[in-house]
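Student: Going down the list, the sequences are from chains G and S.
Residue numbers in the first sequence follow this note's numbering, run continuously in steps of one, and reach 268 at the last position.
Residue numbers in the second sequence follow this note's numbering, run continuously in steps of one, and reach 558 at the last position.
In short, the hints are calculated from the structure, not lab data.
Just to be clear, a hint being listed does not mean it is correct.
Unchecked claim - Computed spacing ranges between beta-carbons, pair by pair: (1) S:Thr-551 with G:Val-79: 40 to 46 Å; (2) S:Ser-450 with G:Asp-166: 30 to 36 Å; (3) G:Val-79 with S:Arg-388: 26 to 32 Å; (4) G:Ala-176 with S:Arg-549: 52 to 58 Å; (5) S:Thr-389 with G:Arg-88: 30 to 36 Å; (6) G:Thr-25 with S:Arg-271: 22 to 28 Å.
Stated by the list, open to error - Below, a sample of chain G positions facing chain S; criterion: calculated Cβ distance under 8 Å: (7) Phe-23; (8) Pro-69; (9) Arg-88; (10) Pro-101; (11) Leu-111; (12) Pro-112; (13) Met-116; (14) Tyr-118; (15) Arg-126; (16) Arg-128; (17) Trp-145; (18) Leu-147.
Quick reminder that beta carbons are idealized off the backbone N, C-alpha and C, glycines included.
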Amino acid sequence: MTTIQTNAPTPAVISARDLSLTFQTGDGPVHALKNVSLDIEKGDFVSFIGPSGCGKTTFLRCMADLEHPTGGSMTVNAVTPEEARRARAYGYVFQAAGLYPWRTIGGNIRLPLEIMGYDKAEQADRVRRVLDLVDLSGFEKKFPWQLSGGMQQRASIARALAFDADILLMDEPFGALDEIVRDHLNEQLLELWARTEKTICFVTHSIPEAVYLSTKIVVMSPRPGRITDVIESPLPKERPLDIRDTQAFLDVAHRVREGLRSGHGDDT
Amino acid sequence: MKRVLPILTVVVAIFALWYAAAVWLNAAWAYDKAERAERTLSISELVTDTWSQDKPKLPAPHQVAAEIWKTTGEMALNGRAFSKRSLIYHSWITFSSTALGFLLGTALGVALAIGIVYNRTMDMSVMPWVIASQTIPILAIAPMIIVVLNAVGISGLLPKAMISMYLSFFPVVVGMVKGLRSPSAMQLDQMRTWNASPSQTFWRLRLPSSMPYFFTSLKIAMAASLVGAIVGELPTGAVAGLGARLLAGSYYGQTIQIWSALLMAATLAALLVGLIGVLQRLTLRRMGMA
């Protein structure tokens with residue numbers, strides 16, 4: 001009974017304090033991010049939304065140690081992003097599936113496992129498990145070109161899930177897909193999130209997608225890239241597709257739209 | 269049939285041009301002979317003569333074909349395929365230094381390309397030299413290479429192969445640098461997110477990505493190697509090889525011998541480049557990149 005710590009807050013999985021990133025270009029400095037502070041709790045599904053140039057992808061890339069902030073601080077799993085990357089703390093899903101044409105779907109999912117040194121039996125076991133998770137069982141021996149765009153993107157999500165990272169960073173993963181496929185994948189992503197209890201950071205520029213998926217919506221605006229609003233979603237965790245017609249959903253969407261508009265006040 | 273017809277048309281056109289050119293170029297000598305014999309030539313006599321001279325300016329195709337058959341098929345039938353007068357023997361000599369030079373050049377080219385892609389200093393320093401090396405006429409340095417290597421006691425196949433290597437490493441360097449750099453920024457970022465080591469990135473991403481570039485370079489390198497081997501046989505007073513046949517032919521005005529050696533070289537090149545084409549198709553199809 002003595003071990004219960006009642007008031008100690010659980011440390012944030014990802015925490016940014018006054019994070020800034022300035023690119024030096026020929027036309028002078030570009031403030032991709034300026035004084036961004038944000039905490040993401042374990043199990044959150046956080047969407048980053050905003051017009052292009054607002055720094056949402058840059059922020060995600062900072063978490064992944066693919067960009068280096070020029071000011072402020074950031075921790076991922078309580079360590080620096082670089083240490084987190086070396087510890088393989090996250091899976092990253094890019095906008096394009098980026099599957100290797102010379103590897104089968106199974107071979108593509110096995111790629112990070114080979115790199116991380118899992119043994120053969122473990123690799124086979126994990127490939128089977130994540131393929132099942134994204135509903136692609138039976139496609140292990142197929143080559144990427146034999147699959148549709150949506151299936152390829154699912155395979156790339158499976159690849160990011162194959163190793164034991166409890167954070168999933170997704171950069172507009174469904175941006176290149178059509179509406180119908182997108183709806184379907186959104187539904188599957190929620191299901192997957194519920195089953196795996198991962199922390200997901202999701203960059204999008206679709207308001208319905210952000211509202212439908214997230215527990216927390218981060219609205220950003222450009223020049224300089226900054227956070228204008230953070231919305232804790234009141235929607236329940238169980239979300240059928242038709243939740244998008246409810247008043248609660250529309251209210252959240254309205255607030256996101258307002259946030260986007262206010263951030264744009266000076267140049268529209 | 270659809271693919272054969274255009275090819276046949278071109279072949280027929282080439283033969284027609286060739287026969288016509290043979291009449292035109294050899295006519296002077298035919299008229300000369302006739303004048304000395306104090307007789308005039310009819311058209312048909314002129315044509316017959318120009319197509320059957322011993323040392324024509326331009327031998328007719330059937331003369332070249334007969335010479336090639338005499339020095340390949342016929343000798344092979346007599347069990348003398350590797351006699352010193354057989355074109356099969358000379359082709360074999362040229363092929364062996366082409367092949368060795370090609371392998372050495374490919375190895376050198378790939379090694380330099382890896383250095384250039386992975387090492388900034390090499391990127392800045394080596395590439396200009398690689399390009400400069402190809403601006404020197406090979407005919408000018410071929411004798412030097414042979415003489416220098418001879419002085420240090422290396423003779424025979426290797427000096428000729430070195431000249432082939434000198435010509436063939438260049439397309440491989442250029443192609444492989446491009447190929448090894450062909451993975452997109454996203455693919456490289458992805459490797460980074462998995463904390464892949466440089467060697468893992470090389471073997472699993474850069475090298476497979478470079479394969480289409482690699483095979484294209486190999487085709488050019490193979491043709492260049494053959495040119496190198498022939499050039500290498502010219503200044504050495506070489507006694508064997510297609511280059512030696514070309515040189516001997518030109519010493520003695522044996523145009524038919526020159527043309528048959530030329531055609532053998534062209535056939536050899538077509539076979540070798542074709543072989544790489546087949547390897548390319550098989551590999552890329554297996555890799556899903558064709």
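Student: If you take the shortest Cβ to Cβ gap from Arg-88 (chain G) to chain S, is it below 8 Å?
Tutor: holds, 6 Å
Student: Does Pro-112 (chain G) meet its interface restraint, that is, does its C-beta lie within less than 8 Å of any C-beta in chain S?
Tutor: holds, 5 Å
Student: Given Arg-128 (chain G) as an interface hint, is its Cβ closer than 8 Å to any Cβ of chain S?
Tutor: Not OK, violated: Arg-128 (chain G) not within 8 Å of chain S, min 20 Å.
Student: Using 8 Å as the Cβ threshold, decide whether Tyr-118 (chain G) counts as touching chain S.
Tutor: violated, 12 Å
Student: Within 30 to 36 Å or not, the Cβ separation of Ser-450 (chain S) and Asp-166 (chain G)?
Tutor: holds, 34 Å
Student: Measuring from the C-beta of Pro-69 (chain G) to each C-beta in chain S, is the shortest one below 8 Å?
Tutor: Violated - the Cβ of Pro-69 (chain G) stays beyond 8 Å from chain S, reaching only about 16 Å at its closest.
Student: Looking only at beta-carbon atoms, does the pair Ala-176 (chain G), Arg-549 (chain S) fall within the given range of 52 to 58 Å?
Tutor: Check failed, 31 Å falls outside 52 to 58 Å.
Student: Are Trp-145 (chain G) and chain S close enough, Cβ to Cβ, to be under 8 Å, as the hint says?
Tutor: It holds, given that the least Cβ distance between Trp-145 (chain G) and chain S is near 6 Å, below 8 Å.
Student: Holds or violated: is the Cβ of Leu-111 (chain G) closer than 8 Å to a Cβ in chain S?
Tutor: At about 7 Å, which falls below the 8 Å cut-off, the nearest Cβ of chain S leaves the hint on Leu-111 (chain G) intact, so it holds.
Student: When the nearest CB of chain S is found for Phe-23 (chain G), is that gap smaller than 8 Å?
Tutor: violated, 15 Å
Student: Does the Cβ pair Thr-389 (chain S), Arg-88 (chain G) satisfy 30 to 36 Å?
Tutor: Because 32 Å falls inside the window, the suggested range holds.
Student: Can Pro-101 (chain G) be said to touch chain S, with a Cβ gap under 8 Å?
Tutor: OK, holds: Pro-101 (chain G) within 8 Å of chain S, min 4 Å.
Checked against the numbered hints given earlier, the structure breaks hints 4, 6, 7, 8, 14, 15, 16, 18 and satisfies all the rest.
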